[in-house]
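K.L.:
Below, each chain spelled out in residue letters.
There are 6 protein chains.
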Amino acid sequence: MTIAFNHPLNPDVEIPHYAPQGNECALFEHAWTRQLPILLKGPTGCGKTRFVQHMAARLGLPLSTVACHDDLTAADLTGRYLLKGGETVWMDGPLTKAVRDGGICYLDEIVEARKDVTVVLHPLTDDRRILPLERTGEVLEAGPGFMVVVSYNPGYQNLMKALKPSTRQRFVSIEFDFLPREREIATVSLESGLAEARVAPLVELARRLRVLKGQDLEEGVSTRLLIYCASLIDAGLPAIDAVRAAIIEPLTDEPDVKAALVEVARAAIG
Amino acid sequence: MTIAFNHPLNPDVEIPHYAPQGNECALFEHAWTRQLPILLKGPTGCGKTRFVQHMAARLGLPLSTVACHDDLTAADLTGRYLLKGGETVWMDGPLTKAVRDGGICYLDEIVEARKDVTVVLHPLTDDRRILPLERTGEVLEAGPGFMVVVSYNPGYQNLMKALKPSTRQRFVSIEFDFLPREREIATVSLESGLAEARVAPLVELARRLRVLKGQDLEEGVSTRLLIYCASLIDAGLPAIDAVRAAIIEPLTDEPDVKAALVEVARAAIG
Amino acid sequence: MTIAFNHPLNPDVEIPHYAPQGNECALFEHAWTRQLPILLKGPTGCGKTRFVQHMAARLGLPLSTVACHDDLTAADLTGRYLLKGGETVWMDGPLTKAVRDGGICYLDEIVEARKDVTVVLHPLTDDRRILPLERTGEVLEAGPGFMVVVSYNPGYQNLMKALKPSTRQRFVSIEFDFLPREREIATVSLESGLAEARVAPLVELARRLRVLKGQDLEEGVSTRLLIYCASLIDAGLPAIDAVRAAIIEPLTDEPDVKAALVEVARAAIG
Amino acid sequence: MTIAFNHPLNPDVEIPHYAPQGNECALFEHAWTRQLPILLKGPTGCGKTRFVQHMAARLGLPLSTVACHDDLTAADLTGRYLLKGGETVWMDGPLTKAVRDGGICYLDEIVEARKDVTVVLHPLTDDRRILPLERTGEVLEAGPGFMVVVSYNPGYQNLMKALKPSTRQRFVSIEFDFLPREREIATVSLESGLAEARVAPLVELARRLRVLKGQDLEEGVSTRLLIYCASLIDAGLPAIDAVRAAIIEPLTDEPDVKAALVEVARAAIG
Amino acid sequence: MTIAFNHPLNPDVEIPHYAPQGNECALFEHAWTRQLPILLKGPTGCGKTRFVQHMAARLGLPLSTVACHDDLTAADLTGRYLLKGGETVWMDGPLTKAVRDGGICYLDEIVEARKDVTVVLHPLTDDRRILPLERTGEVLEAGPGFMVVVSYNPGYQNLMKALKPSTRQRFVSIEFDFLPREREIATVSLESGLAEARVAPLVELARRLRVLKGQDLEEGVSTRLLIYCASLIDAGLPAIDAVRAAIIEPLTDEPDVKAALVEVARAAIG
Amino acid sequence: MTIAFNHPLNPDVEIPHYAPQGNECALFEHAWTRQLPILLKGPTGCGKTRFVQHMAARLGLPLSTVACHDDLTAADLTGRYLLKGGETVWMDGPLTKAVRDGGICYLDEIVEARKDVTVVLHPLTDDRRILPLERTGEVLEAGPGFMVVVSYNPGYQNLMKALKPSTRQRFVSIEFDFLPREREIATVSLESGLAEARVAPLVELARRLRVLKGQDLEEGVSTRLLIYCASLIDAGLPAIDAVRAAIIEPLTDEPDVKAALVEVARAAIG
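First to last, the protein sequences are chains H, A, P, U, X and Z. Using our numbering, read the first sequence as starting at 1 and increasing by one per residue. Using our numbering, read the second sequence as starting at 1 and increasing by one per residue. Using our numbering, read the third sequence as starting at 1 and increasing by one per residue. Using our numbering, read the fourth sequence as starting at 1 and increasing by one per residue. Using our numbering, read the fifth sequence as starting at 1 and increasing by one per residue. Using our numbering, read the sixth sequence as starting at 1 and increasing by one per residue.
One or more hints might be untrue.
Copies of the same chain are indistinguishable here, so a pair counts whether it falls within one copy or spans any two.
Computed cross-link-like contacts, SDA-like style, restricted to lysine to any residue with a CA-CA straight-line distance of at most 25 angstroms [stated by the list, open to error]:
{"hint": "1", "residue 1": "Lys-213", "residue 2": "Asp-126"}
{"hint": "2", "residue 1": "Lys-115", "residue 2": "Leu-63"}
{"hint": "3", "residue 1": "Lys-213", "residue 2": "Arg-266"}
{"hint": "4", "residue 1": "Lys-258", "residue 2": "Pro-20"}
{"hint": "5", "residue 1": "Lys-164", "residue 2": "Pro-132"}
{"hint": "6", "residue 1": "Lys-164", "residue 2": "Ala-26"}
I should point out that these hints are in silico values taken from the structure, not numbers from a laboratory. Quick caveat, the model's predicted, so the values are computed rather than measured.
Next up, chain H with everything else stripped away, as it sits in the complex (with noise of 0.2 angstroms):
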């Protein structure tokens, strides 16, 4: 069971494969067979983007992705007037265009949209399954082809930004973890072209680090910045060196920290 990123060297891979951590394939399927919205919860870099692609690969569904922020508008969502030869023309927006042709609406880190943005979900995440356009006059009713994705991180959540209770009831919610050891070294590996033997030390470092998250560091070590070490490392920088640029100096400023991390780093890395 292992999980397969896009090797950054070759984008001809098309379709993402993802191997499930527990159930979460089964339980996106029975939601998407019932017409349920989904909320993934979990750290940055753990592969819930990847899993959002794996699972709109394998049911055959178009996806689009909006990375939300403070200043994303609803209309930036659900489409705005234009000027085109002195008229003003409409044009959907990309949760627009996902109801009316049906497909993934994917909203990464919701909990850092305005109030706009989370509040037009809601005719489209209980029942009604609508989505009404006050600008145009328009309520379109989504089909059975439609689904509502959205993410967001619990460890560093805004205590401003947190979701209201009556957005976050309209989901089915499903938590994610990094990988147990193994099948992180082994999705590192083929990542990054570097071997098992020598993935396994890096992993090792992440998990003890990621147990100071809260304490000395904001947030752990993700995948991806052990993908990018053993990228390095595979290319032929020092591992120490590797290790320093990909993994300690993303994770803190602090002079001290960065000193102690070394020591740790050098004693797992021998």
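Based on these hints, arrange chains A, P, U, X and Z on the given structure of chain H.
P.N.:
For chains A, P, U, X and Z alone, kept in the frame of chain H given last:
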């Protein structure tokens, strides 16, 4: 007496069924006859929106629903000028359309709206029943076929966002709560397809968790989540997995609270 | 002496009746004769808006009412440029229209407006009586037929939003309060159709609850709510249900306070 | 020596009369001759605006007045591009017009303005006397016929909104206060039509209340309110009613303070 | 050695005279030769702007001055698209114009500007000397004839608005202070027309008051205010009245402080 | 091994020279080969921008630099619709252009950018390497010739503006510091034209002052300021004057700190 939600997999049912918790249907009809606006109060997912859909259908009235939020402007309700063929052309918003054509205009979660939105309701919700459109210079008079309904959830009402007395005192108010045990079992069974005997422990679990509201949980389990959960079980997911995905994860991110809830759940659903 | 609201079901009555609480009609007429602007102070639903409608009709003046709020701009009052046929065309706002054509411009809840709105009133409310329109370059002089009336509710006046002395000291001010018992009974009976004998305990209840303002209740029961309540009783709803829907629920969300009020209500209406 | 306000009912008087409190007319004329800008300081309703009107008329200068506020932009003063016939056309604001054509530009309550407004005055109020218009690329030189006058009220000057020294030190400053007793009696009598003997106790009352500023009252009674009050008495309203409507209610909303002021008023006006 | 301000009444003098306080002219010329940007620091009204005018004229460079403030945008400096004949046409801002044509671009009170304004200077004030215009897609290279000068007043520098080190470390910095006594007397006499003997006690007074900066006074008396004061005396105003209007009132609103300053002034000017 | 800045007076040198502090060139090249994005950390003026210029030239890649700030929007990076000939025409921003055409897009001081800007980078900096343009409906795939580089200065990183872990963990990170003594002397001498013997005490001084960072000084002296200082000395300014203008005044406004630094400087440069 049952609340009949549309089965999520059967979008052909056109008239939403609803069985009153108490006198709310009579109250709504009297308010309608006397042209009084209505405020619905109650927790998320307890059926407020469905009730409005039901009453609108029963009274044969068109219904337009607006989910309120921070960035909704009065112009989103009343209308705005658009550029067409080099001319600025006025386009009615949903509230203006309802005033002109009759029907119910339902503002969901009114407490989230900005003051320009609530204030635009004032002349429509006293004996004047007018809608002045400053930007077109019109003053529309609402006919007897027009009604305003608003809702909010006192449970997590933000201190910064209380309804002003001058707004509240314009509405006849109806309080909603969760269904009594037997009715909730019947409803969840009907909506999910899962047998009542298998739904009963889920409802029992929900009733226990609702007691924790305000302590460990921000909000109680909604009937909607129970239907999600029962649907997943009916689709073949193990009960404990369904409870976790559709009840526990949507309620909290705290590992300790989640662990405790899983214990409660295991005891409840055997 | 009675306050005759338009019966909600009878929109044909054209001139709003009003019986003065005290000297307010004489005061309004003197201010009108001397071209002095007026500020109305008082709790929500006590008849300020009706008073202005009454005086406007009595003096044969057109009345334009603007409900103020945070997002109302000076341009909403004075006017703005619109695009028509490729030209920007100026369109008067309600204040400018009233200055040009004469009549009363009534700004409801002025304290909610932004400063650019209140400041635009300054040159109109001293002996200059002019309205400079920076954007068109005009300086309009108000004729003797123009009058400014503003209102606010000192009861829940926000600390952040007090009227500046330089604004307050431009207005003759009239304070409003709830009607005396007998007049309120007569008014509610007339408006709702319910016999005075059945209205009397409702008014008695309201008077008891008004004493709680500032303690358990943010604001007292308005005459408007009493009319709502009596209307529902007249339509056939049990009195205690009508009191709950039209008086208690609009006043508070606190379960304890609601329970106490129900007790008071039961005692009052037998 | 008298301040002669225009009688509110007689708009035909064209040149506003003003009698100097001290050396302010000489000071204004010297500043005008030497091309120095002026800052007027003083409480609301003490005659600052009238003084500017008077001096402008006396020096034969056109006067354009801008009431400052939070939402006034530099472009409101300097000008903006408008769309006319498909072209963007520049339209001068009141400040730019005054620089081009000469005359006094009077910015009332400058302290309320945003910094972009005050900063736009800087090159006009030092020896450069220029107005750079970034948006048109012009640099206008003010001729000897141009003068800037600004005012503010130090009494309720907001801590967040002090004038910066770099702005203050560009103006010759004149402080205003209320008129001495005899002059104020004469002025109020002249403006209202009420005999001096009946005005005298009103002025006496005002002088007693002004002592309370900063304690029970935010601001003292203005001469403007005294004229309102005397006008209402002259129109036939009982004196105590006029005092309440034109003096006490405009000063405070506090029931206790109002009751105390009514006592003081009864004693003062017998 | 004198600072010769333009006489306010004689706008025909074209080249602003300036006599250096120290080595600032040499420093400016060396920086110009080496293409280094300059930051001028010093209190309000001490001659920073005049110095830049002087140096620009001396080096034969066109000078464009921008007074910075909160609402100045990068587009105000760099340029924007305007609509002309149905086309959007780019119009250079003053900074872009200076980069294209050469000359000094002087940003007065840079610390008041928003970060997008200061950041736009970064690539112009290191060895790249380029101005990238994201909106047109151009990257302008500044020729040797282009120079950036900025100023700020450390005296009342807002904590919220310090210059970032990455901005400060791009400028050669020159500190300004008030003129020594004899030079200030000569300058004020020259500018105002008042004899040096009568100017001397004014300068003496100013020097005493400058010591109070940071205690009772927010900022010291500027040379500009002394010139205002001497001009008014020269025009015939009594000395104590001129001191009050041109020195004391511009410095403070506090009655106690004003009374104390009047005492000091009476002693100083006899 | 030297860092060769372009001589400020000689803009003809086209390829910026750079000598690595450590393994940063190798690291950059490996990251480039493996298509990993890079984050540069380090104090102001230490050569980060120069390093990117150098690597871009060495790899033969076009470089587009964007200085980030509070008011930079995602649209400034990705592009926007403009009006041309009555049509809205899409214009690519610098990021979109780099994705389409290949090359390095360098975002300087990324931590100053708003979240919509950092979030736009997310799908470009994981294995997807895509840029979705919501407004045009395109999803651009970055070819192997595209690279993202960002920088920030941890020294004065604002608490409100930390990079989120989900952003940081997308970049290989390289830390920069000031040059070692001998290399810095060589570089400053080369850039300024001043002999190494005369540069040595300046570098010595800088190294002493850098120790004060975080105590009396917000940030250490940059190599850039040393080059400014040496250039002024080379141009003939006395050394102590050059140190004051190019080192001390740019570092602080505090009179006490400045006096102390002057003492240190006199001791250092004899």
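K.L.:
Hints broken by the structure, by number, lowest first?
P.N.:
6
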